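Work out the full structure, taking the sequences as your base and the hints as a guide.
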Amino acid sequence: MFSKGLLEFRKSALRLAMATMMVAGTYVVLSATTATAATSANRALSSSVTTNGVWPGVGKICEPGSGGASSVRGVAPKTIHIAVFNDASNTITPGLEVEFFQQATAFADWCNASGGINGRKIVVDNRDAALFNAAQQATAACQSDFMAVGGGMALDQPSVPIREKCGLGQISGYVVSNASDLATDQVDPSGINTDSVTAGWFGALAKAYPKAVKVAGMGGSDTPSVLQPETKYEFGAEAEGWKVADFLEPPISVENWAPYIEQYQAKGVTALWPADTSNFTPFAQAMTTAGFHPAFVVLGTQFANAQTQKAVVDNPSLPPVYVETSWWPLSQASQNPSTEFLVATMHKYTKGDAIDFDDEEGAEAWLLWAKSASACGATLTVTCVLNHAAATKNWDAGGIQAPIASLTLSNENPQPSPCFTILKGGSKGWIFDKAITKPTQSIWNCNPKNVVQLTSAQQAQLNAL
Numbered sequence: 102m103f104s105k106g107l108l109e110f111r112k113s114a115l116r117l118a119m120a121t122m123m124v125a126g127t128y129v130v131l132s133a134t135t136a137t138a139a140t141s142a143n144r145a146l147s148s149s150v151t152t153n154g155v156w157p158g159v160g161k162i163c164e165p166g167s168g169g170a171s172s173v174r175g176v177a178p179k180t181i182h183i184a185v186f187n188d189a190s191n192t193i194t195p196g197l198e199v200e201f202f203q204q205a206t207a208f209a210d211w212c213n214a215s216g217g218i219n220g221r222k223i224v225v226d227n228r229d230a231a232l233f234n235a236a237q238q239a240t241a242a243c244q245s246d247f248m249a250v251g252g253g254m255a256l257d258q259p260s261v262p263i264r265e266k267c268g269l270g271q272i273s274g275y276v277v278s279n280a281s282d283l284a285t286d287q288v289d290p291s292g293i294n295t296d297s298v299t300a301g302w303f304g305a306l307a308k309a310y311p312k313a314v315k316v317a318g319m320g321g322s323d324t325p326s327v328l329q330p331e332t333k334y335e336f337g338a339e340a341e342g343w344k345v346a347d348f349l350e351p352p353i354s355v356e357n358w359a360p361y362i363e364q365y366q367a368k369g370v371t372a373l374w375p376a377d378t379s380n381f382t383p384f385a386q387a388m389t390t391a392g393f394h395p396a397f398v399v400l401g402t403q404f405a406n407a408q409t410q411k412a413v414v415d416n417p418s419l420p421p422v423y424v425e426t427s428w429w430p431l432s433q434a435s436q437n438p439s440t441e442f443l444v445a446t447m448h449k450y451t452k453g454d455a456i457d458f459d460d461e462e463g464a465e466a467w468l469l470w471a472k473s474a475s476a477c478g479a480t481l482t483v484t485c486v487l488n489h490a491a492a493t494k495n496w497d498a499g500g501i502q503a504p505i506a507s508l509t510l511s512n513e514n515p516q517p518s519p520c521f522t523i524l525k526g527g528s529k530g531w532i533f534d535k536a537i538t539k540p541t542q543s544i545w546n547c548n549p550k551n552v553v554q555l556t557s558a559q560q561a562q563l564n565a566l
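Heads up, the sequence shown is in my numbering, so the first residue is 102 and it goes up one at a time.
Note that these hints are calculated values from the structure, not bench results.
Do not take every clue at face value.
Said to hold, decoys possible - Below, computed lysine to any residue pairings styled on SDA-like, alpha-carbon distance capped at 20 Å:
#1 308 x 340
#2 411 x 525
#3 308 x 339
#4 308 x 539
#5 535 x 452
#6 525 x 382
Quantities reported herein were computed from a predicted structural model and do not represent experimental measurements.
In structure tokens form, the structure reads like this:
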């Protein structure tokens with residue numbers, strides 16, 4: 102997603118089937134000839150993981166302590182139960198958001214090895230909604246969990262009133278629906294709100310391809326949780342100079358993309374933000390088969406993975422394929438200590454799991470939660486944690502994500518980061534495209550004009566979806 106408030110249902114359906122992983126910022130296919138080298142690299146990374154509770158760029162966030170008695174739900178003298186929402190067991194897009202649970206497990210293991218949160222060890226509870234059980238999983242978490250951290254559900258709208266009613270505080274991995282954007286008892290490290298959208302990459306591509314963006318194709322799955330953020334992107338793109346000729350609304354699961362490709366072709370689309378909400382490979386194959394050649398394709402940050410890269414390489418007739426992101430590129434992990442430490446931690450505690458932006462997204466939430474929870478000392482309450490999180494300034498998770506000037510509670514109109522960067526896919530992976538990004542701060546383009554304010558009419562249209 103979408104910059105920070107990305108449309109999470111655009112996930113890779115076969116992510117777990119890919120025999121790939123990140124090793125020191127480089128994708129490596131685990132064939133028989135490379136497995137030994139990858140294992141050696143993993144050991145080197147793992148050995149760099151210290152357990153002194155200090156996370157690079159964030160500080161000391163885990164340490165021993167006496168714990169203590171508590172009457173707060175989910176908090177015991179020596180343990181803290183945390184819910185991690187995801188949709189991994191669904192049958193439409195298997196493995197959706199499984200990285201949230203994997204990353205949470207790795208972080209908890211690292212933090213617990215460092216002493217926990219003032220002596221209390223983190224217990225991660227897997228709250229898997231399988232797409233259509235968001236309400237049930239929120240209800241389950243309300244029975245025994247202290248908070249929800251570093252997760253998300255693609256169809257999250259039904260969970261919101263349940264979580265709010267029981268006071269289940271959340272520091273989210275991501276939020277999707279407008280209801281979740283505005284929820285109480287929540288801090289979203291992305292700073293997403295409902296009256297604006299970060300859309301600067303549309304403007305950057307408009308400058309690079311001024312003619313192509315005059316006939317653009319966009320779209321999103323035909324369900325409110327998906328159409329709301331995708332329609333915000335349409336508004337953002339048009340504010341940045343795009344002229345949307347066709348906005349397609351396919352069902353959640355598409356077996357044959359050919360008819361949708363034909364519709365884009367019939368409209369003469371030359372700039373494409375695909376209506377694909379799952380796995381880019383069949384969409385890319387359908388483009389190749391149809392001979393569909395727009396000037397470029399731009400994808401949300403969740404597509405910056407090895408599977409999409411392979412689709413780009415395997416379909417050489419595709420135009421340039423870009424990914425927008427507000428997370429530090431994993432292809433350059435070695436250039437950011439916090440991202441590099443995340444990769445090393447994942448390799449040490451969840452060996453064999455592929456690493457992608459979901460791990461970064463989950464980590465930014467866990468780092469903010471641990472920093473805030475540690476500041477509360479032995480008297481751990483949801484209000485204390487959320488207040489500390491909401492008061493955080495210049496948050497970037499040590500550099501894992503683009504900087505947010507000021508966090509706040511989700512129901513108090515947080516402001517998203519204006520920062521983005523653009524990556525280009527190819528045989529060498531996802532590479533930072535400096536020429537199109539035109540960075541103003543590190544690798545980020547942080548022009549305040551990258552955030553588009555929605556009109557009252559546009560907000561009304563979103564609410565009606």
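Hints violated by the structure (listed by number, smallest first)
5
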